[in-house]
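Q: Each chain sits in its own coordinate frame; assemble them with the hints.
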Amino acid sequence: MAGKKKLPLSGNTAIAYAVKAADVDVISAYPITPQTTIVEKLTEFVANGELDAEVIHVESEHSALSAAVGASAAGARVFTASSSQGIALMYEIMFIASSMRLPIVMAMATRALSAPINIWNDHSDFMAASDTGWVMMMAHTNQEAHDDIILAYKIAEHPDVLLPVITAIDGYFMSHTIEPVEPIEREEALKFIPKKVTWSVLDPDNPVTMGPLGTPEWYYEFKRQQHEAMKKAREVFDEATKEFEKVFGRRYEPVEYFMMDDAEYALVAMGSVAGNVKAYIVKEARKRGIKLGLIRVKLFRPFPAEEIMEVISNLKAVGVIDRALAFGSSYGGPLYGDILSAAYTRGVDTPIVNFVAGLGGRPVTFRDIKAMVDATLALDGKTRKDVPKEPYFIGVRE
Amino acid sequence: MGRFEIRWHGRGGMGAVTAAELTAMAAVKTGYYAVAFPEFGAERRGAPVKAYTRIDDEPIYEKTPIEEPDAVVVLDSSMVGQEAVLHGLKSGGWYIANTARDPEEVRKIIGRDDVKVATVNATKLAMEVFKAPIVNTAMIGALVAATGIVPLEKVEEAVRDRFPERYVDPNIKLLRQAYESVRKVV
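Protein chains in written order, with the working numbering: chain A, 1 to 398; chain B, 1 to 186.
Isolated chain B, as found in the complex (with noise of 0.2 Å):
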């Protein structure tokens, strides 16, 4: 498989390091090595947040975050398009979005014809199911449905492991559900 960087983009309180040390731990029980940081010292509620996953069959040495990363995850849809986002991402890459519109928009939107796109409407699955937009597990299903990088259930695996067990069906349920309805363009 060789690497694959993914960087996350969110809000303080939606989850994104959370999902990042998700989709590691998930990585890892897949067999590979994996390392998860968060952008440091941003921990505000409501701030921009950076999270940092890095995916390797080789080990991992370098500590610093990730500046062309395979894939970028945008778990606020308002910082859909922000060049902030797209920075970086590399030409075949993945633009995974939590967004009501489909992945043709937001591919005009960000203008890069270079990268494939998939959208989920991860806010109105979180609200279903928690009654707060809590987006994380949605866009690691949205991720792992466009991307194939890991195995749904090995997700799952870390879900159970890392929650508590109230959450654990709930964030599956939403997992399963953004797995799903994920639609892309390539």
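Pulled out of the complex, with its shape left as it was, chain A reads as follows (with noise of 0.2 Å):
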């Protein structure tokens, strides 16, 4: 199996090494746990000359990405990277990167928000990102880590999407986990991804204001624009994953499935516990005879609805694994909540039903995917009348 050029990477390396491949010009970041190995490695480079970039020390994340607006609206390409309560400090200007229209791409190590603080992985983090304007995906292996960087700059500086993209992988269980990667060379890299301002930039000869007053007369069209762009930015996707696949050979779809093409079952599921998920599938359910297949999420927003709901129309019972909260919503688990509405508004009646699991780190093991499947299998003959109205907390002490 041992392919060609693979090297034991973590997914923080990995990341590294695409961002390297990239030949961004600058980098500005500040540590976080899980994050911080990916910028370590990058200094790395640039300290040895293999990369050219110029790294920006900040003195809080907030800086980290109002540095990288100004870097990206100078015509830079720029990479910044960061995690949990550095997100949360990013969040003011996360919206005015979108915005502006600045195709920056940010790598995330997915980690739980305090209080209390608790440094370990689940998705609270990416899912407070979901309505900032960002292209967001989420990877589950450490090569598609990797390739995710080099697919978010092709998307994220095409000229009919120019918005910012955030690649995610699980803290620890991927950034900090060592797997073979087929790492993507420099040269290549910038066949796929030519260096070439796409984008309005700042230009002293032709002086412009970038990010100034929006009044009542004119905000509503920008947000508008913003929506018809994260629509094209789904198009794109769809284009630069076809090109990726000729050109290296690996195929990334908005949506993964597995082991679907007979199942009448199916978990929805977003990152690493995607990989327990279908190894639950291979050594447990299908031995016991369960057409059980699994509905990974890649890309996140845009949310691939379409897709998933033609493929969910067809199943007997489908569970949606969360791996954060929206405290006091309707629906439990964010990704849950979109699926509901994709379901709604295309008239799917399969009942779905939600899992919340692995808050803060807590491994989802064997016995919480069987506890979900069980719940799932229940609801086989059911209507959506019969869904529970509150998600099931799997894997907590009541």
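What the hints contain is simulated information worked out from the structure, not anything from laboratory work.
As the structure is a computational prediction, the values presented were derived from the model and not from experiment.
Be aware that one or more of the hints could be misleading.
[Unchecked claim] In silico DSSO-like pairs for lysine-lysine, Cα to Cα no more than 27 Å straight-line:
no.	chain 1	residue 1	chain 2	residue 2
1	B	116	A	6
2	A	287	B	90
3	A	5	B	184
4	A	41	B	154
5	A	283	A	41
6	B	90	A	370
7	B	173	B	184
8	A	283	B	90
[As the list claims (entries may be wrong)] In silico negatives: residues of chain A with every beta carbon more than 12 Å from chain B:
no.	residue
9	8
10	70
11	179
12	180
13	223
14	361
15	368
Here a beta-carbon is modelled for each residue, glycine too, at the ideal position from N, C-alpha and C.
A: In structure tokens, the structure reads:
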């Protein structure tokens, strides 16, 4: 199986290699666990002369993203990375980056939000960013984490898109786990993502103001354009992944289907827990004759509602795994909220149930997945009116 | 070969995490799929540390801690006999310890007749080579000698890739010495 040129890389290192291959001009970041080793590796590349980039050491994540906005507005290819409280502190500037239409790429090593302080993995930080106007995707192997950076610049800098992109991996479960990765070399990366300034930039010879006051007369149109750009991002994602496959031989879809061809039931998941579900399907469910498959959401914004519903509409029952909570919402977990509204607007009647699991780094074990599968199977022959109105909290002490 | 799962037990600073990674690197070089990861968030010098290596000839999907290892490797002699180390170790699995004791004695201490035991005095070897009890490469030598999970030369390749040049030769020396001097009872 050993492919050519495979290196054993952690998720964070795999991301750093891709950022180097993308030949970024500016790296602006502030250290935070579990992201830190991404930027640590990048500064090593810069110090060794392997990457000719400006590293801006800042005093906070708010400043990290502000500097990234400034550098991108000056026409630089920019990278930043963060996690958890860092994302929370960036929140203000995240909206500004997307509405100024700056193609910044940010890697996120996902982590729980305080309080209590918790450095371990869940999707609270990722989901908190879901309405900031960034294109968002989440990998579930280190190879994918690496490739996503290259795809991200392709999408972000496309003239029809011009939106910042978040590429996420699960903190620790991926950021600190070593897997074989085939790195993309700079030369081949730059053929795929040539360095060309496709967005409006500051130019002393032709002065413009970026991010000025938008009065009620204008503001709304900006927002509508962002909405359209997000729809374009989906088209560009599809083009980019097709071209990526031609060049690099690896295929990515907005949604990955695992053993879904003959499936009657499915779990929907994102990130590393999708790997645990795959292992459970192969080692447990299928051996017991349960026709279970996995729907892994890779592209989260824009949300791939059509294809997910097309598959779900043929199933007997579906369970959605959330690794974050939308407190006080009508649904429970944020991923479930997206799935439910997609089902409503597409007239899909399949019973769909919600599981919240693995908050703050609690492992999602086979026992947990079995509990989810049992609850999903119990909805066989039921209607959506029979679906519990509260999520199942899996693996929690009551 | 199927699946082979290793759990490493040490204290912060002994190199358990690096040992897990080097073993995964050697496995990938051998042609297997492999992943390695630390027990997350325990990076403090002197604190008990766990790290994990999963090796398979099929792709590895799950990203969960190893609960039923095929081998446990104990980097700190004071941990020999601890329940946490023995936890979940498969019947027929390997208990590989850094200790001056012989393997029969360790088997008595842990009270498991159904596991294979290998011992090496890695601290002594490491003190001779490094003047410091950095035992990780020695314990990989012991693991490889006992289980044959990967060839020794693939570990040496991984060591060359991983360490700065000045640390390569002493680590390979230590690796080989441990490989040669391991004692086992099966």
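Q: Would you mind marking each hint as holding or not holding in the structure?
A: Taking the hints in turn, this is what the structure says about them:
| no. | hint | result |
| --- | --- | --- |
| 1 | B/116 / A/6 | 33 Å, violated |
| 2 | A/287 / B/90 | 22 Å, holds |
| 3 | A/5 / B/184 | 36 Å, violated |
| 4 | A/41 / B/154 | 25 Å, holds |
| 5 | A/283 / A/41 | 37 Å, violated |
| 6 | B/90 / A/370 | 22 Å, holds |
| 7 | B/173 / B/184 | 21 Å, holds |
| 8 | A/283 / B/90 | 18 Å, holds |
| 9 | 8 | 4 Å, violated |
| 10 | 70 | 34 Å, holds |
| 11 | 179 | 5 Å, violated |
| 12 | 180 | 5 Å, violated |
| 13 | 223 | 38 Å, holds |
| 14 | 361 | 7 Å, violated |
| 15 | 368 | 10 Å, violated |
In summary, the numbered hints that this structure violates are 1, 3, 5, 9, 11, 12, 14, 15.
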